[in-house]
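Sequences and hints are given; from them, build the entire structure.
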Amino acid sequence: MALTGIQIFKLLPKTNCGECGVPTCLAFAMALAAGKAELASCPYVSDEAKAQLAEASAPPIRPLAIGTGDNAVKIGGETVLFRHEKTFVNPPGLAVLVSDGMDDAEISGRLKRFNELKFERVGLTLRPELVAVKDESGDATKFVGLIERVKKETDACLILMSEKTDVLAAGVKACAERVPLIYAVTDGNVDALAGLAKEHNCPLAVKAKDLDELSQLTAKLDQAGIKDIVLDPGSRGFRKAFEDEVFIRRAALQQKFRPLGYPTITFPCEMTDDPMKETLYAAAFIAKYGGIIVLSDFHGYGLFPLLVERMNIYTDPQRPMTMKQGIYEVGNPDENSPLMITTNFALTYFIVSGEIEASRIPSYLLVMDTEGLSVLTAWAAGKFVGDAMGMFIKKSGIEEKVKKKRIIIPGLVAAVSGDLEEELGSDWEVAIGPREAAHISAFLKAK
Amino acid sequence: MAFETPKITYTGKIKSIAIGKGDQAILLGDESSYPFHLFEGEMPNTPRIAMEVYDVAPEDWAEAALKPFTGVTEDPVAWAKRNVEEYKADMVCLHLISTDPNGLDRPADEAAQTAKKVADAVDVPLIVWGVDNDDKDAEVLRKVAEVCEGKHLIIGPVVEGNYKQVGAGAIGYKHTAIASTPIDINLAKQLNILLGNLGVPDEQIIVDPTTGGLGYGIEYTYSVMERIRMAALTQQDERLQFPMICNLAREVWKTKEAKLTAEEAPTMGDPEKRGILMEGVTAVVLLLAGADILVMRHPEAVKLVREMIGELMAAA
Ligand code: SF4
Numbered sequence: 001m002a003l004t005g006i007q008i009f010k011l012l013p014k015t016n017c018g019e020c021g022v023p024t025c026l027a028f029a030m031a032l033a034a035g036k037a038e039l040a041s042c043p044y045v046s047d048e049a050k051a052q053l054a055e056a057s058a059p060p061i062r063p064l065a066i067g068t069g070d071n072a073v074k075i076g077g078e079t080v081l082f083r084h085e086k087t088f089v090n091p092p093g094l095a096v097l098v099s100d101g102m103d104d105a106e107i108s109g110r111l112k113r114f115n116e117l118k119f120e121r122v123g124l125t126l127r128p129e130l131v132a133v134k135d136e137s138g139d140a141t142k143f144v145g146l147i148e149r150v151k152k153e154t155d156a157c158l159i160l161m162s163e164k165t166d167v168l169a170a171g172v173k174a175c176a177e178r179v180p181l182i183y184a185v186t187d188g189n190v191d192a193l194a195g196l197a198k199e200h201n202c203p204l205a206v207k208a209k210d211l212d213e214l215s216q217l218t219a220k221l222d223q224a225g226i227k228d229i230v231l232d233p234g235s236r237g238f239r240k241a242f243e244d245e246v247f248i249r250r251a252a253l254q255q256k257f258r259p260l261g262y263p264t265i266t267f268p269c270e271m272t273d274d275p276m277k278e279t280l281y282a283a284a285f286i287a288k289y290g291g292i293i294v295l296s297d298f299h300g301y302g303l304f305p306l307l308v309e310r311m312n313i314y315t316d317p318q319r320p321m322t323m324k325q326g327i328y329e330v331g332n333p334d335e336n337s338p339l340m341i342t343t344n345f346a347l348t349y350f351i352v353s354g355e356i357e358a359s360r361i362p363s364y365l366l367v368m369d370t371e372g373l374s375v376l377t378a379w380a381a382g383k384f385v386g387d388a389m390g391m392f393i394k395k396s397g398i399e400e401k402v403k404k405k406r407i408i409i410p411g412l413v414a415a416v417s418g419d420l421e422e423e424l425g426s427d428w429e430v431a432i433g434p435r436e437a438a439h440i441s442a443f444l445k446a447k
Numbered sequence: 001m002a003f004e005t006p007k008i009t010y011t012g013k014i015k016s017i018a019i020g021k022g023d024q025a026i027l028l029g030d031e032s033s034y035p036f037h038l039f040e041g042e043m044p045n046t047p048r049i050a051m052e053v054y055d056v057a058p059e060d061w062a063e064a065a066l067k068p069f070t071g072v073t074e075d076p077v078a079w080a081k082r083n084v085e086e087y088k089a090d091m092v093c094l095h096l097i098s099t100d101p102n103g104l105d106r107p108a109d110e111a112a113q114t115a116k117k118v119a120d121a122v123d124v125p126l127i128v129w130g131v132d133n134d135d136k137d138a139e140v141l142r143k144v145a146e147v148c149e150g151k152h153l154i155i156g157p158v159v160e161g162n163y164k165q166v167g168a169g170a171i172g173y174k175h176t177a178i179a180s181t182p183i184d185i186n187l188a189k190q191l192n193i194l195l196g197n198l199g200v201p202d203e204q205i206i207v208d209p210t211t212g213g214l215g216y217g218i219e220y221t222y223s224v225m226e227r228i229r230m231a232a233l234t235q236q237d238e239r240l241q242f243p244m245i246c247n248l249a250r251e252v253w254k255t256k257e258a259k260l261t262a263e264e265a266p267t268m269g270d271p272e273k274r275g276i277l278m279e280g281v282t283a284v285v286l287l288l289a290g291a292d293i294l295v296m297r298h299p300e301a302v303k304l305v306r307e308m309i310g311e312l313m314a315a316a
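Line order of the protein sequences matches chains D and S.
Numbering (the working numbering) for the first sequence: 1 to 447.
Numbering (the working numbering) for the second sequence: 1 to 316.
Honestly, the hints are just simulated from the structure, not real lab data.
Predicted, not measured: the structure shown is a model, and the values here were computed from it.
Please note that the accuracy of each hint is not assured.
What the hints assert, rightly or not - In silico DSSO-like pairs for lysine-lysine, Cα to Cα no more than 27 angstroms straight-line:
(1) K324(D) to K256(S)
(2) K256(S) to K112(D)
(3) K445(D) to K256(S)
(4) K401(D) to K383(D)
(5) K240(D) to K303(S)
(6) K7(S) to K220(D)
(7) K256(D) to K7(S)
(8) K86(D) to K254(S)
(9) K13(S) to K277(D)
(10) K7(S) to K240(D)
(11) K273(S) to K118(D)
(12) K198(D) to K152(D)
(13) K254(S) to K118(D)
(14) K303(S) to K273(S)
(15) K118(D) to K164(D)
(16) K86(D) to K74(D)
Here's what the structure looks like:
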């Protein structure tokens, strides 16, 4: 909310009639500012005041979508500078560049990699979302031909890039149903592109030479009724681009500066010729505020780390560092599957379950509440020891799920096996697993 | 509405520490802005990269990580020299793997001699890292501290369970202690207070927030580091105003994704480049969160990240 209680008060009737449930308009304004009241509770507020208040309470960074349906890439809508304050909501879209100046093999390769590079991880499919189609020929027919090809060969959301208004117009017409991002408004083409975006209801990117010019251009577009805007501050040196990302996010959130209250697009592909370095630039823009990140090409070795980073940075920071105690199924275990036990420190759990998953041997994993301590620390603290483990195993209900009563314990706590055997009784077997999680796969396969 | 550059003012400052000997000493910390926010504060000292050396040949490293160290993995001194001379490491981080009671369990004296030899062999500052076993680390690091007096090492991890013993070694022989806590701002602060009460000077404390690997909890580390910097710089939380070290290489390279071959994971591409970029991406994330020292492994990743630091430290 951009308005203070006093600012809101000025927009109210000031009659103090009390119908909103509080005695005075001022009290009501204060409640509104604090988010504790709804504007609708005052029957007398004017339409004009309503419009102003709605505008002021709009999200500070406009959320928007490129593409349609389930495939659409949602960007913007962020409310914080640091993820520990509140979750980052819309992960940046990752795009690969193709141009009508490239030879056929190059285009085929990039589109093929776009389609093939998908990674399964913790039940999610990680993949890139966008193809940026660039006009280098200046020839609308060629440009449209390439767009048609990308449409046919991929399900990608599209970014259309050209310096020529007529070429862009032809391109947008060819794929309007996919709601592409139009790139880009510059100083000379505001009216033409605003018209094009309006006609086809597509989001519009703005490229300027600095943040000043960028703000002026978006203000013009706003006046022209364009709401879905993506910002390119034009910086192509990495250092400057990093600064601009910080400034844009801060201007939108801290200064409530509307002209920069939009998601950004960044171009590591135009910052270096070295694909390794390009990956690191992209890594920085994932953490620091990129809305769309355009790469020159995708390779598994670079794309995979970026997708994992994106997933990590955009997880809910409130997610606890501990797992709930209980029985976890990895793969689809049955009554003959192996059974392992570990502690409830989240990182321990991730690593152990990841290794079991990698072994492709479905297993049961018992996670014991050790107050978030890792295996060795929990053992040293007397929380992950034979009698406690034994009691937990018996109470967990696992005995009804497995036929063979054999529990694999982490090799680091091999010393507890005697006590554990004693606690569990003679119908249980205690096996000592590997000391390092990395060896779990080999251990399971050897059985 | 005209655009005005949105700057913030900081009220706190990170303490500065010096490590290494004589004119080869390196200064760390002293930041008065968020990481690389040079438009509104200062970062007088460049974040540094330490390259790993193991005191015994590593057993389970990925092929790609071993290759650059062919011929030296059995010899910590030669390994350290290669890191410095060939790969231009700013520092060396010696991991005393051999002292692990659950492994070779070599005695403290022997490990300390290795540390001394490495410290003598290279000019750059040396970090000596234990095996995350409170008691053994206490014993080993004390000995290391004593034998390497005058080298201004960084030694750790120092944890709640052994801070008195290791801290005393740091005070007595003038080394910097790595205050290590499990990804928790309050625990980090608490340990810094304990070290201060013990008498470890502020210029001899560096914080290890505990590093989670990419895909294995890096986001927790990232956010705890950002919180620590925020408290230090904008809330004058004096007991959090310390430089930070991230021991990232082992977290990156121990994951299965860093070890899979091209046959096992065809979509993940060349294993060497994959490992390098997993390490590089992790390093970038940690730099942006406030790392002052990165402990890294692959020379190509080191090179890329060093260039990245250079670009981030240059005015736009
Ligand atoms: S209902 Fe409206 S006019 Fe009446 S007191 Fe409340 S805010 Fe004022």
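Open item on the list: Run through the hints listed earlier and report the numbers of any the structure violates, in increasing order.
Closed with: 8, 9, 15
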